[in-house]
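> In the order they appear, the protein sequences are chains F and L. Per my numbering, residue 1 is the first one in the first sequence, and the count goes up by one each step. Per my numbering, residue 1 is the first one in the second sequence, and the count goes up by one each step.
These are calculated hints, taken from the structure and not from any lab test. Certain hints may be false.
List time: in silico DSS-like cross-link candidates among lysine-lysine, alpha-carbon distance up to 25 angstroms [said to hold, decoys possible]:
1. L/Lys14 <-> L/Lys38
2. F/Lys169 <-> F/Lys257
3. L/Lys14 <-> F/Lys257
4. F/Lys177 <-> F/Lys226
5. F/Lys163 <-> F/Lys183
6. F/Lys257 <-> L/Lys38
7. F/Lys216 <-> F/Lys177
8. F/Lys124 <-> L/Lys38
9. F/Lys77 <-> F/Lys183
Partial selection, computed: residues in chain F whose CB lies under 8 angstroms from chain L [claimed, not checked]:
10. Leu276
11. Pro279
12. Phe372
13. Ser376
Here are the simulated distance ranges between beta carbons [claimed, not checked]:
14. L/Gly57 <-> F/Pro78: 34 to 44 angstroms
15. L/Ala19 <-> F/Pro279: 46 to 56 angstroms
16. L/Asp54 <-> F/Val296: 32 to 42 angstroms
17. L/Ala19 <-> F/Tyr440: 29 to 39 angstroms
18. L/Gly10 <-> F/Gly135: 16 to 26 angstroms
19. L/Ala19 <-> F/Tyr283: 46 to 56 angstroms
Using N, Cα and C, we set each Cβ at its ideal position, and we do this for glycine too.
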Amino acid sequence: MRFALIGQPNCGKSTLFNQVAGYKAETGNFAGTTVTFTETKVRVLGDVVELVDLPGTYTLLGTNPAERVVLDYLVDKPVDAIINVIDATHLVQGLTLTLELMELGRPLVLVINMMDEAKRQGLKLDGEKLESLLGIPVMPMIATRGQGIREAFTRTWHIAQEKRIPTPKVYSEEIEKSVISLKEELEKDNYPVSRRAIVVKLLEGDPVLTEQVSRKIPHVLEHIQKELDVLCHQSSRQAVWLIASERQRLAREMARKVSSQQQTQLTLRDRLDDYLLHPFWGYVFLLAILGLFFYVVYGFGKMLEEPLLNFFNHLDMLILNALHANGFIAQVVSGAVQGISGGLAIVLPYLVPFLVGLGFLEDIGYLTRIAFMMDSLMHRMGLHGKAIVPFILGYGCNVPAIMSTRIMEDKRDRFLSAALSTMVPCAARLAVVFGLVAFYVGPWAALGIYFYNLLIIAITGRIITIFLPEDSPGLILEMPVYRWPTVKTITAKAWFRIREFIFEAWPILIIGSVVLAIMNYFSVTRYLDALLQPFNWLLGLPREVGTPLIFGIFRKELSLIMLAQAFGTTNYAAIMTPQQMVVFTVFVVFYVPCLATIISIRNELGAKAMWAISALTVVVATFAALLVRLGFLLF
Amino acid sequence: MVNLLQVKNGYWVKVVNVAGGVGMERRLAQLGFLPGNKIRVIRSAPFHGPLLLDVEGREIVLGRGVARSVMVEYL
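Work out the full structure, taking the sequences as your base and the hints as a guide.
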């Protein structure tokens, strides 16, 4: 059996999914965290059920690629039951999607999530009454605390067994007439969802379905147009609006019958935006919050990096002394130790606090506030506030950042935000910035690199906009309410991302370090170094950085870890001047994103975009690093 | 009839229609910008930033370009 979770953005589908699946799907308190589907197997009443978490969507009429996934999935794969999750505090809006789902002709259960939030707002809901009005099971739930989940799944299992198909609600007469008339056309054919659903989507003007159906039944287009004309003539409004208004009317009617609002007092949480979105104090808070974040990551990381590095340097010396220092075995073992120590001493101390902090900011709902305040600035680089989501995710890892560009409606916006967010220093590059620059040169230099990075990204965006002018309508976004995240979700989320480093990236770092040791031993690196010599000459870097930079394309941390290998020490201060460290780091931050990112760019935007973005980053990296070097020479 | 950009903070208005492409109409219809629905401008971001609106109990952010295409009238 297969159950699908469907609901509007930020209603807690992924939270529910993670409660039953362990942490598998990314969650966050903003619209559009889930951009593709995630599947898991769960056990319900002894049966193994496939559960799929689909991206949030306001209607089945998806207008961006992430929302499109929902309808495509339902059309492609047989789903035995749909679990429709709605936010108790936005009942009317949630029910409009429920009404649409009832048309699909699949067993349906309605889950009313966030009952605790509704209670806090003094909202009372009569679930039984709603159940009788809709004719489908209605289950209350508090997904963050795991309440009501078992009951909901048991109920879903039962209706899936019974194949209980909901009866769709009836629209106004004129719409129903058109629906019946068009339905005749499709009579002969087989469709994965009910014909009524398809006809309604055709009337709403879904371009993909219209194309598909008209290929099978060529004359259907004329018929649709005729019905649209009739509808438009009768009500002087377009069919899309007419149907949407109908759903809203029905939803409102139901919501009125089942909910009652009690008096509540405004709490600090309701007034928080008066401060955090204040025209002046809002920006002060923004700087303070991000500054604090930076400071905590730095403080925590430095505290651990120093003793760990000392320990591993000591260990490395012992090994080299014990074995023959210049022998093959000694070099290989030392390479492995440097790979291990790089992950443990340089990357993890900064990665852990960073990911915990980012998860907290995501879950509390602050990201969308940043989008709101930064929208006008983003316009200056040819994007709008929504692009802040890939940007901020990019600080964690560029791969989800690239994937999250799906929440943008416009293709040009997707390309530009993907190109710019690959230049955002991800956690891997954070390790280079903190492990090298903050540690050896000082925290202000590291902070400076972050600001310089933003400046360069803005200038690049500005320049690209000259060639690809902005034509998208701009920001359309739902503002989530503040939610206090639970310790469990924060740690699960951080672990989800740290695990990826430990099991996927770290082994590559160790292997890379060993490979380099071997290459060093056989003097192969000389040729690779020679390849990058022009760059190094231009940027005034030691020739040994060539090979690490090439390997950095696999994982950005490699460029730092292998640097230690190349020089034979992790005491970077002995081999590079502070200026060289800064220039090197600036180059590492910008040049070609790592392999995983390159691949996801190809998946999302195609091979052409992949080559274009990779080439762009090399040009930008060279200019940005050169500019820094010239700056040092002049001042 | 005015567009949303011309509405002062804190005022309630009623949607008349959305002028813009089909895509935009559809997108905004999903978020509750349907004729007759009530909207309040909660605040606007500085430096010609977007508007924060109360649309049928839900908070929606609209960039200025989009807000300009939403035609409303005062209640």
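> Would you list, in rising numerical order, the hints stated earlier that this structure does not obey?
10, 15, 17, 18 and 19
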